[in-house]
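Student: Please model the complete structure; the sequences and the hints are all you need to start from.
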Amino acid sequence: MQRIYLTFVVLFLFIAGVSAQTNNKLVAASFARGKTVYLQRCMVCHQADGGGVPKLNAPLDASTAVNGSDVAKLIKYIVKGFADRVEIDGELYSNVMPAAADLKDEQIADVLTFIRSHWSNKAGPVTKLQVKQTRSKLK
Amino acid sequence: MKKVTQFLVFSSLFISMLLAHVSLSAQNIKPDADNAGLTLPKGFAALKVADNLGRTRHIVVNKQGAIYAKLERLDNGKGVLVLKDTDGDGRAETKTSFGNYIGTGIAIKGNYLYAASNKEVFKYALNDNGDVVDENAAATIVTGLIDKGQHNSKSITLDNAGNIYVNVGAPSNSCQEKDRTKGSMGMMPCPILDSAGGIWQFKVDQLNQSYASGVRYATGLRNVVGLDWNNQLNQLFVTQHGRDMLNNLFPDLYDTTTSAELPSETMYAIKKGDNAGWPYVYYDHIKGKKMMAPEYGGDGVKTVDDKYINPAMAFPAHMAPNGLLFYTGNQFPARYKNGAFIAFHGSWNRSPLPQEGYYVVFVPYENGKPTGKWEVFADGFSGKSVVKNPRDAQHRPCGLAEGPDGSLYISDDVKGTIYRIMYQK
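Chain order of the listed sequences is C and X. Quick note: the first sequence, position 132, residue 1571 per the numbering used here, numbers continuous. Quick note: the second sequence, position 100, residue 103 per the numbering used here, numbers continuous.
Simulated from the structure, these hints should not be mistaken for laboratory data. Careful: at least some of the hints might be erroneous.
As the list claims (entries may be wrong) - Label pairs and their computed distance ranges (CB to CB):
no.	chain 1	residue 1	chain 2	residue 2	range
1	C	Thr1461	X	Lys387	37 to 45 Å
2	C	Leu1568	X	Asn211	54 to 62 Å
3	C	Ala1471	X	Leu77	39 to 47 Å
4	X	Asp395	C	Ala1504	19 to 27 Å
For glycine and all other residues, C-beta sits at the position ideal for the given N, C-alpha and C.
Tutor: Structure (C-alpha cells):
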C-alpha cells in the first residue's frame, strides 16, 4: 500500500515538473515571438528600452498598467488603440497609439507576454485564450 | 539747490555707469568652466543662465536682457517665466512668473510681448524697462485654434507690417483615415488642412481672431515648430517636422534603415499662398525630390514635380527642428550674420538605429540663400555620445533667442536649462 502511494506521489511530482517545464517552454516561445511583434509594431514608439519618448509615447518599462492584473485593459489598448490622454503614472502623452487589430489573438498574447516580462517588468504571461475571450466582448 | 542738482547729476551718472556695467558685453562675462557641458566652435563659450526651470519651450530676450520663457507645464500654476540677471554675471538671479496657461510660442515686437497657449495667442504691453505692465491684462488676439494633443504646440513670429504668424500643426502623421494605423490609406482631399497643417496669419491689433478672420498663409505643412521672420529678406521661414513611421506602416516599401533616414526635416522660405505638400508628398534629401506619400499611392520611387514648393534646406530625418532663429547680431564672427540657427530637439523615430539630433546647427546664408551646407554648432546637450533611447537624453534643445549684445540663448525642455553662448575669441 505504502509503495503504491509512493509511486503516485513520485508520478505526480514528475507530471507536475514536466508540465511546468513545458509551460516554461511555451512561455519562452511566446516571449520570443512577442519580441518580433514588438520590434515591428511597437518599438518605433515605445523604444528598444521600453522607455517610450518623454511627453509623447508612454513608457512600458516599469509602467503600473503593464505590470498590473487588468490584462483585459492591455488587450483592449492593442485591439482598439489608445488615445485617451489620461495621466499615465503622473504624466501626459500627446501621441496616439494606433489599433493593431490585424494582429492575431496569439500575436497579441505574445507581445503582451513580452512587454510584461521584459526590461524591469516581472508580470505573468498572457494567453491566447485570454485575448480571444476579451476580444469577443470588444466587438 | 545747486547741490541737489549736482547730487542728482552725479548719482544718475553713477547709476547709468552701473547699468552700463550690468549690460556689459559678453567679453566680460565668465563662461562656465565646462562651457555648460557643450561642445562649440573655436572662440565660443557658454554658461548656464538658469537651470531646473521646468519645461521651457520657446524663449525671447528683451532689450534689457531679461528672458521670457514659455512653459509646457505650469510651475506653481504659472506658464510664463521672467528671468533677470541683476548683477551682470550673465546668470539669472531672479525668477518671477505669470499667465495660467501652458504652451510653446513667445515673441516680442516693439513694446509688446506675445505668448501662445496651445489654442490662443495673448498680447501684453511692455513698459520702457521691458517689463510687462500688467500681467493680468492679457489681450486675447487669437482664439479657438485646434488642440487635439498631437502636434498641438503653437509657435509664433511677427512681421513688420502688423501681422503675427501662428503654426497650427496637423493632429495626424499622414492624414490616414485611421492615424498611424497599418493598412489605413490617406483621405483625399485631406480634411485636416482646413484648420491645421499650415501657418495662419492674424492682425496684431485685433481681438479674438480665429480661422474665419485669419488668413491661411501657407498650407501643406505637417507640423512646424520653428518659425522666424527674416528681417533682411522680409520673409517668413519655417522648419517642419517630417512624417514618421514609413517602415511600420509600409514595411514592404521601406526597410528600417530607409525609414530612419527618410523623410527629410525641412526648412521652407514661405510666400503667401504656398503649399508644401503634406500629406500628399514628403521630401527626400538624398534624391533631392518630392516623393509621393505611400498613403496616396507612392512606392518610394514615384516623385511629384509640380504643385508644391521645394524646401530651402533639407536635413536628415526625424531630428525635430523645434527652434529657428536668424542671427542679426554683431557679437559673433561676420559669417554668422543673417545665417540661421536651428535647435534640433532630437529624434525618436529612428530605432533600431541610434537617435539623431539633440543639437543646435548653423546654416550659413549668402545673398539671402542658404549655401546648402549645415554644420553642428552646439552639441553635448544629451550628455551622451550616442542617444539610443530618447529618455536617456539629459537635455534637449528647443527654443532659440538673441540677446541685445548678440549672445545666443538656447532653452532645454527636459530639465529647463537656459544656455547662453558667447563669442570670446
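Student: Does each hint fit the structure? Answer for all of them.
Tutor: Each hint tested on the structure:
no.: 1; hint: Thr1461(C) to Lys387(X): 37 to 45 Å; result: holds (43 Å)
no.: 2; hint: Leu1568(C) to Asn211(X): 54 to 62 Å; result: holds (57 Å)
no.: 3; hint: Ala1471(C) to Leu77(X): 39 to 47 Å; result: holds (45 Å)
no.: 4; hint: Asp395(X) to Ala1504(C): 19 to 27 Å; result: holds (23 Å)
Of the numbered hints stated above, none is contradicted by the structure.
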